[in-house]
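**Q** The primary structure of each chain is shown beneath.
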Amino acid sequence: MVTTFKAQVQNLHFYYGTVEALKNISISIQEKKVTAMIGPSGCGKTTLLRCFNRMHDLYPGNRYEGEITLYPEGKNILDPKVDPIELRMRIGMVFQKPNPFPKSIYENVAYGLRVRGITQKSIIGEKVEESLRYAALWDEVKDRLYHLASNLSGGQQQRLCIARTLAIDPEIILFDEPTSALDPTATQKIEELMETLKEKYTIITVTHNMQQAARVSDYTAFFYLGELIEFDKTENIFTNPKVKKTEEYITGRFG
Amino acid sequence: MSLAALVRRNKQYDFWFSVISIMCVLFSLLALTTLLLDLALEGIPRLSLNFLISFPSRFADKAGILSAWVGTFWVMFITAFISIPLGILSGLYLEEYAPKNKLTQFIEINISNLSAVPSIIFGLMALGIFVHSLHLGQSLLTAGLTLSLLILPIIIVATREAVRAIPTSIREASYALGATQWQTVKHHILPYSFGGIATGVIIALSRAIGETAPLITVGALTFIAFLPHSFMDPFTVLPIQLFNWISRPQAEFHVNAAGAGVILLTLTLLMNAVAIIIRYRVRKKITW
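Those sequence lines, one after another, are chains U and A.
Counting from 1, one number per residue, gives the positions in the first sequence under the working numbering.
Counting from 1, one number per residue, gives the positions in the second sequence under the working numbering.
Quick caveat, the hints were computed from the structure, so don't treat them as lab data.
Even for Gly, the Cβ is constructed at its ideal location relative to N, Cα and C.
Where hints are given, some of them may not hold.
As the list claims (entries may be wrong) - Short derived list, chain U residues pointing at chain A, Cβ under 7 Å:
{"hint": "1", "residue": "Ile85"}
{"hint": "2", "residue": "Arg88"}
{"hint": "3", "residue": "Met89"}
{"hint": "4", "residue": "Met93"}
{"hint": "5", "residue": "Asn99"}
{"hint": "6", "residue": "Pro102"}
{"hint": "7", "residue": "Gly112"}
{"hint": "8", "residue": "Val115"}
{"hint": "9", "residue": "Ser150"}
Here chain A stands alone, though its shape is the one from the complex (with noise of 0.2 Å):
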């Protein structure tokens, strides 16, 4: 065989494997879209004002997501003020202060293993630990809570990335001058690692945006005709809603549920928007 016949025979595999790889591309992206596209049809033309201030009722028409995007709104800022700080302080403190030996490395693994486990089992955990033990109720608390213990393996790992991407010679650079280890921290650690830091707080916030079974597990209601006054009210949020309205048998439920799905991923996609842009900026401005 002639070499050119053979270089020819050889780049047929490269054909072949380029077509392959765009078919599993186009694929995957066919779905997405399908399903977007499907959510966005039957949801969008059911948005409204009225939609968005009016509590679930027996009438789908007359049925809205008031208490849902309350109850996702109160969760969230629960979940956002205790994991946030725990979770950066606990990462900082196993990278930058823990000594590293045995101890401190069975929970650096642990913490990673904690991230891998299914949510409904931190549901069951929370169900005893504050409904049961603690007495907190079926409440927006226990939610806050529970969805904060599920994410804060997330903060802390993407904390830990963050501040080990920093070189050890501007960790010198800055001991060096006299700096002491939390002038060092303060000026230099947690500003240089901000971008992933925020990054990483943002993705587990979108996560815990549209968890539902553990909250299911702990109580959360399906139909709210009230507004939460405080943190120990009883609550829900729009994945509930919507998982509760899509299990009805009648249609004009479920366009409802494609409504409120509009909303949860509107709102998913912003964070995740927020969180892309930071980087980006981050990026931009911190080189070594």
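Isolated chain U (complex conformation) (with noise of 0.2 Å):
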């Protein structure tokens, strides 16, 4: 099986302020596979998934050492040359808790086209549709457009911020944990469009639950105090960790 890389991360320091949050990490993510990224609460791995998009950058006082290149094109996205804005038109994210904009469903999933400047209707409803229906919420809101996102259920936000983010048509998502908040009906849904989704898009998700990164992920790296343990496909990760650190952790012996 042939893969390819879609963006590497090389010798990885973050930190914010003064506080080292993720210590020399290297890790290849495959292109139009789904990376997980695990471990306990603050190891690092929504910091690194943040990193990817320079959401970090929001902030003052935080600061990036090493490289994460971006293919094709090879170049490394952390270089303070390279636009934090023109980097998040071409990764989109879905964060933790929905959060769609208090705005139409229509409008929310418009939003990222008009940030970039298109304002052709009919390019936009279709773009609207068609992201919707690969977030597998069109037949629920085919009705209800222009109604208010907050009417939705917590699990149709999500996947609205998933068609969202979609209508960019990014080359990598970044999942930060996106069914913490949902009932396991909605995560089902999600974990079920995350399989849909890799056949177009490269997917990095950070989860809390072990068992979602072993169902969706087809790489799971395993992150301690914001170090990476180990990195392997996920069937290895789950049935043979090398690392004894790892074994602990996927078996529940701390958390």
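Both chains are sitting in their own frames, so use the hints and assemble them into the complex.
**A** Shown next as structure tokens:
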């Protein structure tokens, strides 16, 4: 099976002020695969995720060291010369808690296009429908596109947020514990969705839920206290971990 | 003592506490109603078209509030024109753009302090700066500028609070889609904080409309028998006209004062009602 790298993290250190939250991380992200990042709270998995779209740039005092190379062009996206806004147009993100804008369902999905200066109604309308269909939400909302997004259930809101990200045709989608605020049924829908999404997109997901990592991911990285402990194919991590710490975590001996 | 007796005794405190609370509420309501009723009973019969379109006069029955309400209108117009953009943009800058450091903290504390400064102090300062240094005269413009300064802190604080109420997750959602800071402010921050800002602005203006002391300090006149032609003309406003009439010995002028009071009160209550409606409607629409 031929796989290509979509992104490569090399010797990445990340600092919140003087606190080193990520210590010398190197990890490769395969194209059109799901890479899961697991580990106990405070292990740095979300911190790493937010490096990929330079979300840390929004807050003062944060500092990156090392490189994240984005392919195909092979550019280091942590380079200060790379505009994080341009980067975020290529890398989508779905957050822990559904965070739709207090606007209509339609406007939520259309927002990424508006940011890109697209104003033509036919193009926007088409893209909104396509994205909602792809996010498996279209049938539930097609009759109420102009209703407020806040009227949707939590699971629907999260799928709306996924549709909102899909509308901008991202190359990578970052999921930050996307199901931690959802009930099991809604969680299942999101997981099935990730399964289809990886046909077109590269997915990196952070999860607290090890079963979820085992179910949805192709590769799993285990983090502990800011360090990457083990990174391998998901089946290897869960059936035959090489590091004792990984085994202890996945068998529930700490967490 | 049996448990039942104990509970019965404890419950007596419940009873007496509610009685005292109700009395306090009744007392406040009673005082307020008496004031309003007194004003309304005396003032409403005085209201007529002539009262609205007449200039003040030596004769109480011929006197009206034309120059006063026109003055109030223009002063409020200038005040709103200056304070709304200044206040909203300052608040937005401080909350959304300014780095969080000692300097901005210092500015923040002082803005809160400013809103507690007695209004007559603003009048004194305005007299020194606008009237004496900048030679703007005892004009509508001076009055508008003075009241703008007075309510600026209220608008800034209201803006900051409204902006702060927007969750970080909404900002991050916008940035994550590739929005710039200005796009985030224009498409999200401003629309979502509009209700809070509008409410703050209206409350601030309804405070300005009743202000008397700073305007007397900068030299508002009490007897104006013409309408202003420019912002540099002298002026009077409703509360000053009211104050002038009530300080006269003749009872007929007191009735005029009550009439002007009813108008002023109605304006203030109307503005507050609009603020409440806006807040209610926005709250219904914007949920996180």
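**Q** Please name the hints from earlier in the document that this structure breaks, with their numbers sorted from lowest to highest.
**A** none
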